[in-house]
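Numbered as in the working numbering, the sequence shown ends at 221 without a single skipped number.
What the hints contain is simulated information worked out from the structure, not anything from laboratory work.
Wrong hints could be hidden among the right ones.
Result set (DSS-like, lysine-lysine): computed pairs, CA atoms no more than 30 Å apart in a straight line [unchecked claim]: (1) 164 to 140; (2) 164 to 200; (3) 200 to 174; (4) 174 to 164.
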Amino acid sequence: MGKEDNVKNFERRVRTSVKSMTLLILTIIIFGMALGMFLTSALFLQRQVVGNLTEISLKLDELTTDVELLRHKMEMLSDADAGSITDCSPVVLYYYNEHADSELSELPASDERAVKPVCRCVSSRGDLDLIRETIGLLIKGELTDSERSAGFLTEFPGEGFELKDLELSDGILKLVFDDPYFFSSGGSARTFIMATEVRKTALQFSGVEEVHFEPEWVFQP
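The task is simple: from the sequences and hints, build the whole structure.
Set out below in structure tokens:
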């Protein structure tokens with residue numbers, strides 16, 4: 001009888017231990033699932049917050065650019081006489097700004113937001129003529145001393161590099177360049193910045209939704 005009692009007690013302890021172990025395992029599994037759900041939700045929320053902050057940053061950058069453009073245009077028009085204002089079409093040229101770049105990214109020349117506007121005045125009136133003169137002015141790279149002091153830099157002009165032709169159709173602006181000495185080629189950062197300068201300058205014009213370059217190797221590393 002004593003042996004049977006011992007066996008029963010042992011079996012009871014085993015069953016109790018198994019139940020306790022099962023409960024512990026279930027508790028760990030449930031806790032792990034809850035933790036996983038919490039971490040997933042937290043990660044999703046973090047991504048949403050980061051995405052919203054990035055979008056806000058971009059909107060603020062656009063607003064700052066618009067305000068700066070308005071200020072430049074007002075200064076330009078206030079400095080001009082009445083006759084020159086009549087013959088003037090204010091336009092924007094986009095150039096790389098190293099001061100802005102240092103605040104945006106640890107990698108130099110990698111963020112298109114570092115390509116900032118400066119204002120100029122051109123005499124052309126027709127849509128294509130206006131685009132042609134503006135791009136032609138951009139690739140001359142004629143920055144003022146004050147603009148260079150403010151951090152603006154550019155690789156333009158390049159020997160023999162010029163706008164040969166352009167065509168606007170269905171929102172696509174095709175810019176054809178003559179580049180006999182391959183000025184527009186080079187490192188990826190350099191070509192990225194030059195292409196961005198031209199593209200952002202061209203996109204200011206009504207009806208331009210995309211900008212394509214020809215030959216295809218222009219502004220390629």
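Evaluation of the provided hints:
no.	hint	result
1	164 to 140	holds (14 Å)
2	164 to 200	holds (19 Å)
3	200 to 174	holds (14 Å)
4	174 to 164	holds (11 Å)
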